[in-house]
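Protein chains in written order, with our numbering: chain A, 1 to 358; chain B, 1 to 358; chain C, 1 to 358; chain D, 1 to 358.
Hint data in this document are derived by calculation from the structure and do not stem from the laboratory. Just so it is clear, the structure is predicted and the values come from calculations on it, not from any experiment.
Under the rule of at most 25 angstroms between Cα atoms (straight-line distance), these lysine-lysine pairs were calculated in the DSS-like manner:
1) K247(A) / K155(B)
2) K247(A) / K247(B)
3) K272(C) / K247(C)
Below, each chain spelled out in residue letters.
Protein chains: 4
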Amino acid sequence: MKVPKQQELTKDRKPVAQGGGSTPRVGVIGLGYWGPNLVRNFNAVIGENLRACCDRDPTRAAAIARAYPGLKITGDFDAILADDSIDAVAIATPVETHHPLAKAALLAGKSVLVEKPLTASVEQAEELVELAERRGKVLMVDHTFVFSPAVRKMKEIVDSGQLGDILFIDSVRINLGLFQHDVNVVWDLAPHDLSIIDYLLGRLPLSLSAFGAAHAGNGIESIAYLNLDFGGGLIAHFHVNWLSPVKIRHTIVGGTAKSLIYNDLDAVEKIKVYDSGITVRHEDVEDRRRYLIDYRAGDVWSPHIPTQEPLRSMAAHFVECVATGRPPITDGRAGLRVVRILEAAQRSIKAQGGRVTP
Amino acid sequence: MKVPKQQELTKDRKPVAQGGGSTPRVGVIGLGYWGPNLVRNFNAVIGENLRACCDRDPTRAAAIARAYPGLKITGDFDAILADDSIDAVAIATPVETHHPLAKAALLAGKSVLVEKPLTASVEQAEELVELAERRGKVLMVDHTFVFSPAVRKMKEIVDSGQLGDILFIDSVRINLGLFQHDVNVVWDLAPHDLSIIDYLLGRLPLSLSAFGAAHAGNGIESIAYLNLDFGGGLIAHFHVNWLSPVKIRHTIVGGTAKSLIYNDLDAVEKIKVYDSGITVRHEDVEDRRRYLIDYRAGDVWSPHIPTQEPLRSMAAHFVECVATGRPPITDGRAGLRVVRILEAAQRSIKAQGGRVTP
Amino acid sequence: MKVPKQQELTKDRKPVAQGGGSTPRVGVIGLGYWGPNLVRNFNAVIGENLRACCDRDPTRAAAIARAYPGLKITGDFDAILADDSIDAVAIATPVETHHPLAKAALLAGKSVLVEKPLTASVEQAEELVELAERRGKVLMVDHTFVFSPAVRKMKEIVDSGQLGDILFIDSVRINLGLFQHDVNVVWDLAPHDLSIIDYLLGRLPLSLSAFGAAHAGNGIESIAYLNLDFGGGLIAHFHVNWLSPVKIRHTIVGGTAKSLIYNDLDAVEKIKVYDSGITVRHEDVEDRRRYLIDYRAGDVWSPHIPTQEPLRSMAAHFVECVATGRPPITDGRAGLRVVRILEAAQRSIKAQGGRVTP
Amino acid sequence: MKVPKQQELTKDRKPVAQGGGSTPRVGVIGLGYWGPNLVRNFNAVIGENLRACCDRDPTRAAAIARAYPGLKITGDFDAILADDSIDAVAIATPVETHHPLAKAALLAGKSVLVEKPLTASVEQAEELVELAERRGKVLMVDHTFVFSPAVRKMKEIVDSGQLGDILFIDSVRINLGLFQHDVNVVWDLAPHDLSIIDYLLGRLPLSLSAFGAAHAGNGIESIAYLNLDFGGGLIAHFHVNWLSPVKIRHTIVGGTAKSLIYNDLDAVEKIKVYDSGITVRHEDVEDRRRYLIDYRAGDVWSPHIPTQEPLRSMAAHFVECVATGRPPITDGRAGLRVVRILEAAQRSIKAQGGRVTP
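Chain A on its own, in the form it takes in the complex (with noise of 0.2 angstroms):
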């Protein structure tokens, strides 16, 4: 199998931003639980192109200053923004964040990578995105998921057609989870594989419901179910949930020729496609409509996913992007119709249920 080189995710998509040419100078911003990782990986990328990192508490700054001795840390955003050796900045911080220190980051110049969630709110994120595209920079949002081997090996597959019609998907995104005081299970877990989705399909779901229940007694759901309707006949639904006695990440695509299934625990098969379905032939047998169904079991096969660290392809990836102004495939748009299904994910859950446009 050969592993999708860095160049092939950006080839056949035209510039749409200043791109620089050289390799980019980056800032991360936000040494919490995700920066360091971005951090590491920037190094392993860039090298010394990785410039500067900011947090306000000292004590995350000192554990970086320690690691990477020739770094520039500092507690002071506005000095980063106003750096003008700084290309770019890689954004790591709590949710509610992200527009305000992107938006001010677009403002200064620099082209801006963020974790997912894009951001708290569509509207936050449609300014974010109308910014990026008026001032001609890279706005990119951290799926790491979509640039794991597998997740991208499944693309492959579905683009190949070899799974026919696709009709539904079935994910269940399930453990012991880590409470959060601030966002639910579904804000929580759903990015992962709504990013995933929305990377195979491109496109959002005409409607959705969603169904929760909280049970921590603070009112943020705990479980969540969400059906999506593409339509067509194509139906998405996903399980997230942080009171599984065991961990699943298991993904069902089923389709008209055959089916895959992407089971993320699976240390050696992560991806299996199904040579089974069914075939649907219409008879009119005695003036009357009959659906004559055959069954069909294969062979299983399980391609080869090479062993890479996702978040090195995504830094990589962000960094082309910037140096030659190419959109990046999880740019802002992706961003935001994530983000667009959250939000209608949460109306739905407080109206009961009820069916919502994204």
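Take the given structure of chain A and dock chains B, C and D to it, following the hints.
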């Protein structure tokens, strides 16, 4: 582990019908897919008190005649009804005929066992329940899974209170299925899970919504999701699917103290109890209500599940209930509750997932 | 995938025995644990040409008589031998009786099918093989697994050469077992695996050693390990065990190009082919021989295995061989090879694992 | 469940060496594959008392120097020996250098930790053990698995007696492996399992035989099977393999009362205890000794295994033993027993599986 004995199923249940005391004589109606299994099991349980079988199709009747030389076989249902030596009938015909056949049998003074689902509509089920009670006859529905050792063990664990409060039930029953021309996947597969949940909880949900998609061009749903709200934070979710490339039979019962998983495809560890969960503590910190949530991962325990044919236990239970007049654990009211949910789910699917009351 | 048809099993095999041409008439000897399965399958394959059954135990005979009303049942083996209308007998009696019964049947001019293992000693097996060849009669051993679709598929893959050279075969067949009073775990379980390996390789190992332990105080081994050396770097290893708390049926066939795993307990993916392995390159570097070894991890492919009862195919194959005179794929010589290994393993165990020649 | 604390490992063990009392100062010798892991863990356990590192390769030394700015790095082993401020050294160099380096360190008055296997020969190991005892210094071997929470739990269960008498141990450690140019698969993989079994049983087998095959054309075994006879009906069997297409880490400990399975690849249920087994009853029936064997299948229990880095515990244990003078649980004698088995296995393989005494 002690295997639940037949009498335990009815202990503490007062007679509601006229019990004949002695072993009842039974006739089986319908010798298609399921009927021969009933014949085999009633033959094992009551021997020659299995008196007669009935099917209009002479080929089917002949096959049974060969295998059970002494058994009376007829194509005439009325002859069964008129035979005073027959105390009870077991009906294994297509669902749309359940109501007329069961009604006729009850009116003829027979006790009645009906295959699941009890009837094709709530109205029909209500009429049968009312009629059986008025006539003092046993009306039982063959919710076979309720008689499986694994489900009984699950019931025993839930009733023991060791799970704490039940927070959610999540059930998946999917496979590359046998498309039916007449019923959709909800009526085909969900009765199994709904009867299990009814056995565990013994009550109807307050409301439900359902979501499905038809793929064979015939308007008959081949995938469906049901969300049941039982109030008090307890939700149940069902995924039934005829298009899955893999077979999954998996139910999670999540509790505040422990959780349980029932995997019917695991030959050895069908039931696992996970001593893990969350503990919510409420604190007032600086006038601001905070929720502190502790995680606990603990031992896993899988009780031994004896091997026992559920249908054998079901047949024995019916026979015992007819003999003693005690109400079956899967009585007409249990059958009615399941039909209520099926019918409501159908309404919700047609209303695009709108919330309905069963 | 194409299901191997019966005739494929014998194509290119020249007749070695007198074939009657028409459907042979068969008698089944022994109605204990396995005999009724033979009756059921011969009945399905040849119907009324299954002529007679024989067992000295009247209870067993009566049970068969009830189930197969037209079948002649006798307690007298000699009556079967004397019946000229019977062309062939299938012997399903305790192993120590295989030799005298099969010998008598061959002498009486019958073709013979014998349950595995063929006999209790090499000497007995040699006599039967020689006698069958001299008399021109079919002698077949019921190595049932050889007729299972999974093992046939395994054979097809091995014969295709896609695995490259076979380097090792590792087989595990363990469970909490039925202790036998007369035979040890080697004679009970190993014939299954040895017959499979004999089918794949078609030859005896050059030498073997075996190692076992008896635990029930009766000197009968309940655990054993067999090491077979086929020469040329090909080794095979077998673990058979009656004391394992879990059931495992797992065979690895490791090749230079690809490897194959046969997991008989996997309902769906019984056979998996792994496109992974090593490549050895020899280089002379600075007058020093070096071995450069490359690793390759690749796709996994699991061919669809049709559902088919192995015993049905086995019965059909015996019938066909008797009719045509062609040699069975599990002929007396295959049975003899398996008995040679069993007997040698027994010697090695008693000699504390000393290396012996089968 | 209570996590075993460090002090529990040495309680009831009387000092055998001179303990310095205060935190010992440690140097790490060898910065190749494993050395950096030791550096990281000693750094975590004793901070600045990790005084120095040594490797002749300047590249490796430089990498560690960057990561641990304050740490003294040298290419000169003798400088470490001459440094009186260093109390103990941890040796992570190729196995053939273990003996000379450890011997020199002991002679220089240092306590010594050596990577597994302790030495390349029994003679070397015996000399080190004798020397350490004579000099009153701690000699410990890094049998890392002994310090894993799963193996400690296994030891706790075995010691509790709940398994009854142990009848057999069957261990499989196979994968597509890293071929070594110098050591075969026995010396590479078996030390892990042998050190676990030594921890459980604490004694040598009476005899053993081994069987292997070399496949890379270099005479170095890539597959091997070891049979150990501990007497009294207790046998242990090991399968180590570099050519397996799948990775398996699976150990069964079969007992008369219960059995245990340790599956190191199961993320959640690494240890399972099966309440199943056999009961042998002896009876004299008609002057004939009969053995009645009852089977019992029962519950399965999987104790929670805490997450804890084994190497961290190992480093802490070494430090504690040096400080207190108490003998390590993986002392030189444990290391010697493992080397005895490795050397004997090698002899047996070369003698075609002949039985040898370790």
